[in-house]
Every structure is written in structure tokens, then in C-alpha cells.
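*Asks:* From first to last, the protein sequence lines stand for chains R and G.
For the first sequence, the working numbering begins at 25 and goes up steadily by one.
For the second sequence, the working numbering begins at 15 and goes up steadily by one.
The set of hints was computed from the structure by calculation and includes no laboratory data.
Mixed in with the good hints there might be a few duds.
In the DSSO-like style, the derived pairs of lysine-lysine whose C-alpha atoms are separated by at most 30 Å in a straight line are [said to hold, decoys possible]:
#, chain 1, residue 1, chain 2, residue 2
1, R, Lys84, G, Lys53
2, R, Lys73, R, Lys84
3, G, Lys170, R, Lys237
4, G, Lys82, G, Lys120
5, R, Lys84, G, Lys507
6, G, Lys120, G, Lys132
7, R, Lys237, G, Lys426
8, G, Lys308, G, Lys426
9, G, Lys170, G, Lys397
10, R, Lys162, R, Lys111
11, G, Lys408, G, Lys507
12, G, Lys121, R, Lys237
13, G, Lys483, G, Lys426
14, G, Lys132, G, Lys105
15, R, Lys84, G, Lys426
16, G, Lys132, G, Lys121
17, G, Lys105, R, Lys237
18, R, Lys84, G, Lys217
19, R, Lys35, G, Lys308
Reference listing, derived: stretches of chain G covered by chain R, where coverage requires no fewer than 3 residues with Cβ under 8 Å from a Cβ of chain R [as the list claims (entries may be wrong)]:
#, segment
20, 186-194
21, 211-222
22, 253-259
23, 357-369
24, 400-411
Positions of the beta carbon are idealized from the N, C-alpha and C atoms, including for glycine.
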Amino acid sequence: MVVYEHAQVMKAFEIYALLAQNGVGGAEEVREYLADDHVRSLVDQFARKVDCVVITAGDKLFLIPETKLSPFHVKNETLKRTFLGAKATNTDLYMMYFAIIVFFGEFYDSYTTMEATRDFLHMADWVSAIDKRIQALKEHDGATLREAEQEYDTNWQAVIDKWEAMDDIKETSKKQSGNTISRFSFVDSVRRFLEAQELAVNIGNNELQLTEKAKTIVQRYYMDLEYNRDILAFMYQYDQPSEETAHTTPSTQGNGGETNAGDL
Amino acid sequence: MDGRLASITAGYRERISRIALFDPLFELTRKTGTDANGKSIDYFGLGLLTLLFFFENMLMRNRRVGVKALSEYLHATTHDQYDLDLPAYEKIAREIITTFRPPHGKKRARSFFNWGTKQEEHIQYAILKADQFDPATNSQYYTLDEQGLELVFATKEYYSEFQLSIHQLVLRKQLEKGEFANALRQIDEMRVEVQNLHQRMVKMRHEIQRNIVSEETYARYKKILEDVYLRLEREHDEFNELRSFVEATRQRLHYEAAADKEQRSYQYIVQIARELDEVHHEHRQLLQESVELKTTALQAAQESLYYVGIDSFNFSQEIVSRAVSSPLPVKALKGLAAPFLFVHHERTWSPWTVFAEQRLDDEQDEEMETGFIDVQDGEEEEKHHVYQRENFSKVMGIVLTALDGQEEITLKEVVDHLRQTDQEDVLQHRSFYDFWLYLHQYSPVSAKQEDDTGSGLMDKALSLIPGKKIIVREAAEVLHVVSRYTIQNMHFKLEDV
């Protein structure tokens with residue numbers, strides 16, 4: 025049993041509270057976090073309790089949500105309301121997640137280097153990259169998809185249909201980035217999300233660049249041995265034969281059974 | 015055309031001749047050849063190795079190097095890649111040497127159109143030259159020619175590393191010779207160099223933050239940063255010297271400028287001094303940045319060394335492809351994207367809010383305007399004046415009641431009077447205090463004098479006291495009237511005009 029001093033607990037909580045608010049801390053927090061083992065372990069524990077991890081990168085400290093589905097992650101409703109507009113459904117939201125991972129996939133698509141393989145991504149290329157992936161999804165015959173739907177109570181077919189129904193651009197509309205229903209305008213709202221989260225910068229001409237924050241997250245979270253194993257485990261759990269997965273998954277996640285259900 | 019733009023094409027020929035140096039290497043790229051297993055041979059690489067080999071031998075003062083030595087070296091370096099025997103290497107070595115040093119004896123040449131002089135021009139260069147001849151073995155020895163050396167230098171980084179020092183050196187020489195126009199250009203190039211350095215530092219900072227995964231890389235970055243610091247310091251010293259040199263030149267020219275013929279030079283040197291200072295300033299910031307990088311960023315990076323990165327990770331393959339190929343359930347996408355999202359901020363309304371201080375408007379007494387006088391448009395300002403005039407006359411009425419026929423009263427007594435007569439709510443209004451402040455400021459005030467203040471705010475109030483004037487003097491103590499207002503006590507006196 026570790027005994028913590030009052031001051032350490034308070035310091036740890038201050039750091040955690042700051043991270044919870046901003047997602048990032050500066051040099052001062054890094055120093056305090058690293059200087060005291062107790063403070064560090066407390067902050068880590070606090071973060072773990074909300075399914076996050078704390079990552080130091082130079083003189084920055086990041087609070088990053090973990091891969092597993094957790095009620096502490098930002099609520100679907102919040103994201104929909106803030107970034108996708110009032111009429112958005114869960115399908116739109118999943119399209120958005122899909123667009124995000126495709127976006128980062130376009131930057132990190134090589135086994136030979138740890139760095140991003142491109143300097144920027146054009147919005148049009150992004151749209152076609154998403155389209156390519158959706159086409160790959162369509163390769164699965166309808167039965168497989170429907171089966172998966174039954175099993176996980178999710179709807180890939182709806183995502184595909186949604187995407188297929190959208191025009192690349194809305195020719196009748198002057199401004200493509202507004203509230204028109206087109207692939208381009210959809211991707212544009214995802215862009216706004218990425219920019220608001222300081223993950224991407226628009227360098228003009230519809231070209232998007234990664235920020236340092238985004239690079240840090242990819243290189244220090246996704247490429248970290250430990251977290252990477254978690255990601256693989258997370259994906260692997262869905263590959264298990266259906267019957268068993270349904271029972272084993274919640275317990276392996278270890279945070280109290282049906283926590284996932286709340287968000288969906 | 016702008017003088018500066020016109021000078022873009024200056025030195026065009028020199029630039030082309032530098033680019034032309036690489037021609038033979040690219041000529042080698044076009045050569046095709048395979049080893050015994052059909053593996054194609056990297057002629058370009060072997061060409062570069064050849065240059066380095068000759069360079070190394072020059073450094074060692076070994077002048078007896080020819081085809082034989084070269085083919086032995088190439089064999090030793092590359093035999094585990096290619097299945098070739100020594101005679102085959104000899105053939106390759108001969109081909110490479112022929113490319114660098116054409117057998118027809120003419121120098122390598124290149125024709126180009128010079129956009130600076132608007133003329134067709136021709137440059138010649140030589141990479142390799144024959145050095146000695148050994149009749150006993152009938153072998154020819156070679157060594158790098160002038161441009162060959164240049165080519166070797168152009169491929170090494172220290173060339174750019176000393177660029178700023180070279181600029182500084184050139185600048186000094188130009189100043190000594192009095193070539194002021196060229197010196198300005200030199201400073202511009204220095205500025206570009208400093209900005210370039212700055213960008214590299216920013217890049218390095220980011221690399222340090224993301225990439226330090228082992229003691230090895232840490233040590234490497236530490237070494238680099240130390241080198242950078244030493245280099246910046248050296249350049250900084252040189253800047254200081256240059257500056258005092260420029261200053262001295264400026265002073266000298268200042269006296270000569272009186273003689274009129276050096277006017278132009280003087281203007282130049284003033285401009286040079288200013289621009290040099292700017293560049294120096296930018297450079298000094300780099301120096302500070304490098305110190306900061308060394309102390310904070312690198313130390314912080316060292317602390318996080320327990321981080322274990324994986325060797326290779328392909329986001330596109332491992333995450334995106336995986337998600338669609340299985341396919342993973344849609345909700346799993348949120349999990350995969352989660353690290354890019356933010357943590358949920360819960361915002362709730364607390365019932366305790368009810369007991370917090372509230373700001374409520376008094377609806378019953380609407381004409382008593384409260385609040386600060388903001389920047390308003392004319393209409394609103396006018397409205398405010400109407401209110402204030404009304405309010406002032408009300409307060410005047412109260413004061414007159416409190417006076418009760420007497421001539422003199424204090425603010426404190428007025429306040430007490432209001433409290434006794436259950437009119438305390440007046441004390442909550444700002445206009446009451448405005449009234450006193452106004453009087454204090456403009457005292458003595460009479461109906462006749464009103465024009466001077468221009469606002470006419472007191473018009474109505476003064477109409478209550480015809481033929482009198484008000485004199486207000488401040489008293490010693492400070493009154494804490496209500497929690498919101500504090501005002502100095504005042505003597506209020508009515509006098510005949």
C-alpha cells in the first residue's frame with residue numbers, strides 16, 4: 025500500500041484536471057509529472073480511470089483517450105451537435121470516424137518509415153481514398169454484412185448507402201463547403217472537426233497538413249508497443265467467433281460489464 | 015525592372031556550371047548492366063564511390079591509383095551484392111572512368127542559353143585527370159580535377175554547415191574593398207540562411223519531441239545540439255566583429271561624406287549597418303533557442319526514455335485496411351479513432367446556482383437608470399440625458415426636503431434623512447451619486463452658469479431653486495452608503511446669486 029502525501033495528491037489532481045480540460049499540458053506540468061514518481065503514478069491512475077493515457081512528448085504532456093470504447097470518451101451526441109449539425113444520425117458519426125482513420129492512413133502508409141509519407145493531403149484525394157475503402161467494403165456480399173449487423177447491432181450497409189447516395193460535389197450549389205449534401209461537404213465538416221481539435225491545418229487550396237499534435241499522437245500512441253498491442257486486441261476481439269465474443273468481451277475490458285452500451 | 019529582380023540572373027553561368035557537375039553521374043545512371051545472376055548494376059552508386067575513392071586517396075597523398083586499384087576497391091565494397099569477378103569489375107571501373115574523363119581527350123562540356131547575358135554559352139569542366147604514367151606496368155594513374163573536387167564537396171553536408179561563416183567572410187572582404195552594393199546582397203543571402211537555420215531548429219525540436227526512443231538516438235540528438243550551439247556561438251562572435259567593423263567604416267565615411275564625393279557610399283553603409291543588425295538579431299534568437307532546446311526539450315525527452323516504440327507501423331494497412339477487410343463493426347470505428355478525440359466534458363446545472371448572487375432589474379422604478387454610461391449612439395445618449403435630468407431634479411427635491419428651509423446640509427445628513435423617511439431605495443441608484451459628483455465638479459452651480467457645462471443636465475433641478483446657487487465643498491470622511499457605493503462626504507450650501 026503506497027502512502028501518498030496530501031501535497032502529492034493535490035498536485036496530481038491539478039495536473040489531471042488541467043489535462044482533462046485542455047488535453048495538453050506545458051513544460052511546467054511535464055516537469056512536475058516527471059519529477060515525482062508518486063505524482064506521476066497518481067496522474068496515470070486518474071487517467072486510467074477515465075480510459076485515457078498520459079503521454080509525454082518533449083515539453084508537452086498529452087491526455088489521450090484509449091482505444092477501447094468507454095463512456096468517458098466524448099459523447100456521440102456532443103460530437104453530432106457540435107460538428108455535424110442537428111440532423112446528423114449515428115451513421116453520419118461513423119462516417120466521420122471512418123473519414124478520420126482514412127485521413128491518418130493516407131499519411132502513414134508505409135512500413136519503412138516512422139514519419140508521415142506525405143506533406144499534405146488534398147481534400148479531393150481524401151474523398152477518393154474514402155471512396156476506395158467503401159468500394160472495398162462493398163466487396164463483402166450483402167449477407168456477410170447483414171450477418172455482422174445482427175451480431176453487433178451495427179449497420180455497415182447504412183454507411184455504404186449513405187456514402188453512395190452522396191454526389192461527389194453538389195453541382196447546383198455554389199459553395200461546396202456549406203450544408204449541402206455531398207461527399208465534399210461531408211468531408212469538409214470532418215476537416216472542421218480536425219482543425220478544431222488541432223489535428224490538421226488547412227494550408228489553403230484545400231490541402232491539409234498534420235499538426236505536431238497529430239504526429240505526436242500517431243507516433244507516441246499508435247506506435248507505442250503497449251498501446252499498439254491494445255489496439256490489435258481491440259480489433260481482434262471482433263474477429264472471434266460470435267457466440268464467445270459476446271460473453272468474453274466485456275469482462276476482458278475490465279471496467280464493469282456493459283459500459284459500452286450507454287453510448288450507442 | 016526593379017534592380018533586385020534584375021539581379022536574379024546574375025551569376026547564371028556559375029550556377030549552371032555547378033549543376034552540370036552532376037551530369038556524368040546521371041549519364042552513368044542510364045548505363046545498364048547486369049551481374050552473372052541478372053541483377054542490374056547500380057552504376058550511379060559505383061560512380062559516386064569512385065569519386066570518393068579518388069578523393070580519399072588524394073587525402074592520403076597516394077597518387078598511384080588507376081583502374082586496377084579502383085576495381086579492387088569496388089570489388090571489396092560491393093562483391094557481396096553482385097556476382098561479378100575481378101575482370102568484370104575492371105571493365106566497370108574503366109567504363110566509369112571513361113565517363114568522368116572522356117577518352118577523346120576533350121573536356122566534358124555543356125552548352126546552355128545564358129538568361130543573364132541572353133547568349134548561347136558553353137562551359138567546360140573536368141572531373142578526373144590523368145596524373146602519372148607507369149611505363150613498367152603500362153598503367154595510367156588518375157586523380158580528381160578541380161571540378162571533380164567541387165563535386166565531392168557538393169555532396170557533403172559540411173558545405174552548407176559553414177555557409178553562414180562563408181557569407182560572413184565574404185561580407186568582410188567586400189566591405190574592405192568598398193563593394194557596398196554587393197555587400198547588401200550578401201546580407202540578404204545571410205538572412206535566407208538564418209531563416210533556413212531557424213526552420214531546421216523547429217524541425218529538430220519536433221523530432222526530439224516525437225522520436226527519442228532510445229539512449230542511442232538521445233545521444234545523437236545531444237551531439238547534434240551541441241554542435242549546433244558551438245556553431246551558432248562562433249557565428250555570433252563573427253557577427254559582433256562584423257558589426258564593429260561596419261561601425262568603424264561608417265564613422266570613417268561619415269567624415270569623408272562631408273567632402274560630398276562619398277555621399278553614396280555613406281548611404282550604403284548606413285543601410286548595411288541596419289540590415290546587418292536585423293540579421294544579427296534574428297541569429298541571436300537562434301542562439302537562445304538552441305540553449306533552450308538543449309536544456310528543456312532534450313532533458314524532457316530523456317526523462318521519457320522508458321517509452322518503447324514499435325519498429326514499423328503502417329496506419330493505412332494495420333488500422334484502415336483492417337477495419338474494412340474484416341469488416342469490423344461500425345461502432346469499433348469510434349474506438350479506433352478515439353485517441354484523436356477529446357475527453358468528455360460534463361456540463362451540468364447545479365441547484366445551488368439559485369443561491370448565487372443574481373442581478374435583477376428593479377422594474378418598479380424604471381425611470382431611475384442605473385449602470386455605466388457606455389459608448390452609445392446619439393439617440394441612446396439623448397435618452398440617457400432625459401433620464402438623468404429627471405433623476406437629478408428628483409434628488410434635488412429630496413435635498414430641498416432634507417434642508418427644510420435651512421441653507422446648509424451635508425451629504426451624510428441627506429443620507430440619514432433618506433433612511434429615516436424610508437426612502438432608502440434611492441441610495442441604491444447611481445443617479446443619486448452622479449448628482450453629488452456633478453455638483454462637486456462644477457461647484458458653484460447656478461441656473462445662469464449652466465451653459466458652461468453644456469450638458470443641461472441640471473436644468474430641471476436648478477429650476478427648483480430660482481435665484482440661488484449651490485456651493486459644494488468636500489468633507490473629510492468617506493461614507494460607505496450601501497455595499498455598492500462609497501462616496502466622500504460633502505457640505506451642500508445654498509447661496510443667493
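*Asks:* Next step is simple, just say for each hint if it's right about the structure.
*Replies:* Hints versus structure:
no., hint, in the structure
1, R:Lys84 / G:Lys53, "49 Å, violated"
2, R:Lys73 / R:Lys84, "21 Å, holds"
3, G:Lys170 / R:Lys237, "33 Å, violated"
4, G:Lys82 / G:Lys120, "24 Å, holds"
5, R:Lys84 / G:Lys507, "68 Å, violated"
6, G:Lys120 / G:Lys132, "26 Å, holds"
7, R:Lys237 / G:Lys426, "63 Å, violated"
8, G:Lys308 / G:Lys426, "67 Å, violated"
9, G:Lys170 / G:Lys397, "78 Å, violated"
10, R:Lys162 / R:Lys111, "26 Å, holds"
11, G:Lys408 / G:Lys507, "18 Å, holds"
12, G:Lys121 / R:Lys237, "54 Å, violated"
13, G:Lys483 / G:Lys426, "20 Å, holds"
14, G:Lys132 / G:Lys105, "43 Å, violated"
15, R:Lys84 / G:Lys426, "60 Å, violated"
16, G:Lys132 / G:Lys121, "24 Å, holds"
17, G:Lys105 / R:Lys237, "54 Å, violated"
18, R:Lys84 / G:Lys217, "16 Å, holds"
19, R:Lys35 / G:Lys308, "27 Å, holds"
20, 186-194, "violated (count 0)"
21, 211-222, "holds (count 3)"
22, 253-259, "violated (count 0)"
23, 357-369, "holds (count 3)"
24, 400-411, "violated (count 0)"
Violation of the numbered hints given earlier is confined to hints 1, 3, 5, 7, 8, 9, 12, 14, 15, 17, 20, 22 and 24; the remaining hints are satisfied by the structure.
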